[in-house]
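Asks: Line by line, the protein sequences are chains A and B. Oh and the first sequence: position 149 is 164 in my numbering, straight run, nothing missing. Oh and the second sequence: position 67 is 82 in my numbering, straight run, nothing missing.
Check the hints yourself; a few may be wrong.
The list treats identical chains as one, so a pair stands whether inside a single copy or across any two.
Here are the simulated DSBU-like cross-link-like pairs (lysine-lysine), alpha carbons at most 35 Å apart as the crow flies [claimed, not checked]:
{"no.": "1", "residue 1": "Lys171", "residue 2": "Lys53"}
{"no.": "2", "residue 1": "Lys170", "residue 2": "Lys454"}
{"no.": "3", "residue 1": "Lys376", "residue 2": "Lys112"}
{"no.": "4", "residue 1": "Lys376", "residue 2": "Lys196"}
{"no.": "5", "residue 1": "Lys302", "residue 2": "Lys139"}
{"no.": "6", "residue 1": "Lys28", "residue 2": "Lys170"}
{"no.": "7", "residue 1": "Lys199", "residue 2": "Lys454"}
{"no.": "8", "residue 1": "Lys305", "residue 2": "Lys97"}
{"no.": "9", "residue 1": "Lys301", "residue 2": "Lys112"}
{"no.": "10", "residue 1": "Lys465", "residue 2": "Lys175"}
{"no.": "11", "residue 1": "Lys97", "residue 2": "Lys196"}
{"no.": "12", "residue 1": "Lys454", "residue 2": "Lys112"}
{"no.": "13", "residue 1": "Lys252", "residue 2": "Lys53"}
{"no.": "14", "residue 1": "Lys372", "residue 2": "Lys50"}
{"no.": "15", "residue 1": "Lys372", "residue 2": "Lys108"}
{"no.": "16", "residue 1": "Lys252", "residue 2": "Lys302"}
{"no.": "17", "residue 1": "Lys372", "residue 2": "Lys199"}
{"no.": "18", "residue 1": "Lys50", "residue 2": "Lys338"}
Source of the hints: derived by calculation from the structure; they are not laboratory data.
Protein chains: 2
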Amino acid sequence: MLEQLDLTKKMSKKECKERMAVLEPELSRLQRTLKAEKIPVIIVFEGFGAAGKGYQISRLIRALDPRGFYVHAIGPESEEEKMHPFLWRFWTKTPAKDQIAIFDRSWYRKVLIERFDQSVPDQKLTPHYNEINSFERQLCMDGAVIIKLFLAIDKKEQKKRFDNLLSSASSAWRVSDDDLKRNKHFSQYKKICDEMLEHTDTACAPWTIIESMDREFASVKIYTAVIEAMKASLRRKSENEKATASISTDPLPASEYSDSILRTSSLQKVDLSLSMTREEYRDQLKKLQKRIAELHGELYRRRIPVIIGFEGWDAGGKGGAIKRLTERMDPRGYCVYPTASPNDIEKVHHYLWRFWKNVPKDGHIAIFDRTWYGRVMVERIEGFCTDAEWKRAYQEINEMEKQFTQHGAIVLKFWLQIDKDEQEKRFRERMDNPDKQWKITDEDWRNRDKWEEYERAVDEMLVRTSTTGAPWIIVEGNDKYYARIKVLRTVVEAMENRLN
Amino acid sequence: MLEQLDLTKKMSKKECKERMAVLEPELSRLQRTLKAEKIPVIIVFEGFGAAGKGYQISRLIRALDPRGFYVHAIGPESEEEKMHPFLWRFWTKTPAKDQIAIFDRSWYRKVLIERFDQSVPDQKLTPHYNEINSFERQLCMDGAVIIKLFLAIDKKEQKKRFDNLLSSASSAWRVSDDDLKRNKHFSQYKKICDEMLEHTDTACAPWTIIESMDREFASVKIYTAVIEAMKASLRRKSENEKATASISTDPLPASEYSDSILRTSSLQKVDLSLSMTREEYRDQLKKLQKRIAELHGELYRRRIPVIIGFEGWDAGGKGGAIKRLTERMDPRGYCVYPTASPNDIEKVHHYLWRFWKNVPKDGHIAIFDRTWYGRVMVERIEGFCTDAEWKRAYQEINEMEKQFTQHGAIVLKFWLQIDKDEQEKRFRERMDNPDKQWKITDEDWRNRDKWEEYERAVDEMLVRTSTTGAPWIIVEGNDKYYARIKVLRTVVEAMENRLN
Chain A
16 MLEQLDLTKK
26 MSKKECKERM
36 AVLEPELSRL
46 QRTLKAEKIP
56 VIIVFEGFGA
66 AGKGYQISRL
76 IRALDPRGFY
86 VHAIGPESEE
96 EKMHPFLWRF
106 WTKTPAKDQI
116 AIFDRSWYRK
126 VLIERFDQSV
136 PDQKLTPHYN
146 EINSFERQLC
156 MDGAVIIKLF
166 LAIDKKEQKK
176 RFDNLLSSAS
186 SAWRVSDDDL
196 KRNKHFSQYK
206 KICDEMLEHT
216 DTACAPWTII
226 ESMDREFASV
236 KIYTAVIEAM
246 KASLRRKSEN
256 EKATASISTD
266 PLPASEYSDS
276 ILRTSSLQKV
286 DLSLSMTREE
296 YRDQLKKLQK
306 RIAELHGELY
316 RRRIPVIIGF
326 EGWDAGGKGG
336 AIKRLTERMD
346 PRGYCVYPTA
356 SPNDIEKVHH
366 YLWRFWKNVP
376 KDGHIAIFDR
386 TWYGRVMVER
396 IEGFCTDAEW
406 KRAYQEINEM
416 EKQFTQHGAI
426 VLKFWLQIDK
436 DEQEKRFRER
446 MDNPDKQWKI
456 TDEDWRNRDK
466 WEEYERAVDE
476 MLVRTSTTGA
486 PWIIVEGNDK
496 YYARIKVLRT
506 VVEAMENRLN
Chain B
16 MLEQLDLTKK
26 MSKKECKERM
36 AVLEPELSRL
46 QRTLKAEKIP
56 VIIVFEGFGA
66 AGKGYQISRL
76 IRALDPRGFY
86 VHAIGPESEE
96 EKMHPFLWRF
106 WTKTPAKDQI
116 AIFDRSWYRK
126 VLIERFDQSV
136 PDQKLTPHYN
146 EINSFERQLC
156 MDGAVIIKLF
166 LAIDKKEQKK
176 RFDNLLSSAS
186 SAWRVSDDDL
196 KRNKHFSQYK
206 KICDEMLEHT
216 DTACAPWTII
226 ESMDREFASV
236 KIYTAVIEAM
246 KASLRRKSEN
256 EKATASISTD
266 PLPASEYSDS
276 ILRTSSLQKV
286 DLSLSMTREE
296 YRDQLKKLQK
306 RIAELHGELY
316 RRRIPVIIGF
326 EGWDAGGKGG
336 AIKRLTERMD
346 PRGYCVYPTA
356 SPNDIEKVHH
366 YLWRFWKNVP
376 KDGHIAIFDR
386 TWYGRVMVER
396 IEGFCTDAEW
406 KRAYQEINEM
416 EKQFTQHGAI
426 VLKFWLQIDK
436 DEQEKRFRER
446 MDNPDKQWKI
456 TDEDWRNRDK
466 WEEYERAVDE
476 MLVRTSTTGA
486 PWIIVEGNDK
496 YYARIKVLRT
506 VVEAMENRLN
């Protein structure tokens, strides 16, 4: 989840102030409503050191009635705490049904800081993730709202903030040797964080990434996330009261903002001006295709399966990229599966069934032209599945891809990004060219009308399903040459990495 | 789940025939209804070798329209299957929405037979359990009914059946060397089965144990379990159609039979005539109390925590047993927590919160006079919680106790069993004895009226929450001397086992 971020997001003090003037009273009001409805709230602040947890907590509680919340600062375990199961100190701190508990660091210490310090052995990790998920599920089923915020900054910014703190005697104590160590090995610690996010981003207690390079922006996003989650809990409660036997564990994912600046992925920041000359393209294409053919043979020999998915805007260049990717591959060793709307047989099975059927065997390559992500894009937007269905699909898809990678597969997912103008240009070309007219239908134009809706769904998809084992690669697609070479190069690198 | 069984259950051919005359047409009818409602059904047959899986499957399908089901016999993985993620061969066999898939052995091979054969390394076990639970949860959320049957026989019966098969040339091929090996190491294989049952007995896909020493009995129980689960799925579907946004993952657990013979635990078989003379009692009590005091010191020194829970019928002898257990313990090292109905503070927290607060620290002993099992007994019966709440509590409680044992605790749970006559005798004694009158209230008499209902709840509790790490011990309680000594001896043995 930390790979597809745009950390440079900013907000002017003025805009922040204006938004806060709305958000603060809204939060106050919601605190009172949830208290009356007896919905306990748990807010978890995690993230990189010096990302501003303390500052943001102070800012958040400004809007809250102090009789209704408690802030727990979670340090290393005391001797007493060590003599209990690890969640004991958190179970005992769960809020009463009319209270808000705010955690400045939390049970995630165990799988972040303590893991980095190597005081948690690897074989304990999966059990700890399971314990954490069970803890949150139990509270959530009992009616609690769990809001988990991960404050992200980059290595350089962290170093700058540490240096700043260290430069003054009054604040130097706030930076520990361990902080500096985690800064030095930032990418290693980031990977630990990313793994944690993947394992614990559940339907009942999802994570929200807070881009925290800019304090104003972060405050607004935190307020919005907390408010959205509280509102969702009220909706859920009123629905459940209608259907007492059923319990929904699917809150509205917090990243689903209509407000585009608050979205999480770096999609909006993609540099679509990237391009390549025809000569360079030809030259690179030849080299990369040759290299892929070699690597394909080696993967076959070593029995490593490869799964490559292509998604993107209509006319984004999926077909062209797939063609160049496979052009010089041995056809006995790969298969391209185009994904259309499900047929009658597929419709009477689980939506993932048809993809499971086409999982490549060891040593083979399966390329999917459109994929299982249809669930969280077209099916979501067109209402072909229920809200609960697409909301739980992120976890289901991550679980499926995890099984592929655990089995040893290389899994890559490409998102071919173009802008709306480029799409229109390509649509018109298709209509004008008799050889390409089959590629364009009325449906394409209709989908185009829903560009904004798709953008929101794509944003959420990229963040929630970009995992360390099965990453999304955003491909700048306005220039086809550039895009194709980026796809091929990414595939080559992934194969080489695995083989070494 | 395999510890508290009464495998001797039998049914006459006549009774079986009479019941089948009702059950078979009922199953046929349900097959048609579920087909029309587009509810896919998955029936898993697992269990010990020669427990009768083949026979019972043939008997089950007798009632079914052959166009509507498919039987999959799951053997070792083929070379082709080995070259895919392990669930691939099962995903591709999931039934269409108007079909029934019956599995003669299943994905559980991986964590049973293959684990026993040591072809699955220990560190892969938890990931495999997680994959299995995710697989079943995904199908279940999609509307499938998953019925998992575990056919149990004992070692001797298995040997007899193997010998029988081996004695004839026409059937000898059915017994493999591996079968004989699992018979030879029956208790080891049983432990593997028990661990599997604990990890995969979930609210959405619970296990039903089928006592299979007697074929007639087993057939009736299988039919009943399948029918109950199918009926529950219809109820769930109609509820969900009322509340489309919510998804209930809690089917009616299959063991909740009104018909007492079909219940699973060995509670009804307990020999309440067991007793002990006063002299023997005094002699043993003295020795055991002394031993407990010694062991207590050693546990303290080695920082091992102990959690002991007492449940049982009113006037079952909990107080007396606890008194003898603690009489000679160092009071600084243990604490007895009586559990009454929750107070105001406790009521506004999760129902497990008050027990988490009293988790003993390492080296200490916590004794609970009534426990967290109130959720699945009194709260269930008196309607103090919803159906969904007590149904999911089995898993929640198992998860909690697992955290205790993972942390290193010894966890024991005693069920003090007396019969209805003995209870009445004790109630009357209490009423007649001025010193004991405080122990008896109108509520006790009212609970007594619900004896049958409690019996059903206790049966289900004993089966679903008897785990390898935190077993239930049924104590024959009509004779107080016998009962107290059994409690003390069990505690001593558990402590000695841990310390050695």
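Asks: Each hint: holds or not?
Replies: Taking the hints in turn, this is what the structure says about them:
Taking the shortest alpha-carbon separations for lysine 171 and lysine 53, neither the intra-copy value of 43 Å nor the inter-copy value of 57 Å comes in at or below 35 Å. Neither within a single protomer nor between protomers do lysine 170 and lysine 454 lie at most 35 Å apart by alpha-carbon distance, with minima of 45 Å and 66 Å respectively. Taking the shortest alpha-carbon separations for lysine 376 and lysine 112, only the inter-copy value of 27 Å comes in at or below 35 Å, while the best intra-copy value is 51 Å. In the homo-oligomer, the alpha carbons of lysine 376 and lysine 196 lie at most 35 Å apart only across protomers (33 Å), although the nearest pairing inside one protomer, at 43 Å, exceeds that limit.
Taking the shortest Cα distances, lysine 302 and lysine 139 never come within 35 Å of each other, neither inside one copy (45 Å) nor across copies (40 Å). Taking the shortest Cα distances, lysine 28 and lysine 170 sit within 35 Å of each other inside one copy (24 Å), while across copies they are farther apart (76 Å). Proximity of lysine 199 and lysine 454 under a CA criterion of 35 Å is satisfied in neither setting, with 51 Å inside one chain copy and 66 Å between copies. Within a single copy, lysine 305 and lysine 97 get their C-alpha atoms only as close as 57 Å, which misses the 35 Å cut-off; across copies the closest is 30 Å, which meets it.
With identical chains, the CA atoms of lysine 301 and lysine 112 are never at most 35 Å apart, being 65 Å at best within one copy and 48 Å at best between copies. Taking the shortest Cα distances, lysine 465 and lysine 175 never come within 35 Å of each other, neither inside one copy (42 Å) nor across copies (69 Å). Taking identical chains as interchangeable, the C-alpha atoms of lysine 97 and lysine 196 lie at most 35 Å apart only when both belong to the same chain, with a minimum of 24 Å there against 43 Å between chains. For a Cα distance limit of 35 Å, the shortest separation of lysine 454 from lysine 112 across copies, 33 Å, qualifies, whereas the shortest one inside one copy, 57 Å, does not.
Taking the shortest alpha-carbon separations for lysine 252 and lysine 53, both the intra-copy value of 10 Å and the inter-copy value of 29 Å come in at or below 35 Å. Taking identical chains as interchangeable, the C-alpha atoms of lysine 372 and lysine 50 lie at most 35 Å apart only when they sit on different chains, with a minimum of 24 Å there against 49 Å within one chain. Proximity of lysine 372 to lysine 108 under the C-alpha cut-off of 35 Å is restricted to the inter-copy arrangement: shortest distance 9 Å between copies versus 46 Å within a copy. In this assembly of identical chains, lysine 252 and lysine 302 lie within 35 Å of each other by CA distance neither inside one copy nor across copies; the values are 59 Å within and 57 Å between.
In the homo-oligomer, the alpha carbons of lysine 372 and lysine 199 never lie at most 35 Å apart, since the shortest distance is 45 Å inside one protomer and 39 Å across protomers. Proximity of lysine 50 to lysine 338 under the C-alpha cut-off of 35 Å is found in neither arrangement, the shortest distances being 58 Å within a copy and 43 Å between copies.
Comparing the model with each numbered hint stated earlier shows that hints 1, 2, 5, 7, 9, 10, 16, 17, 18 do not hold.
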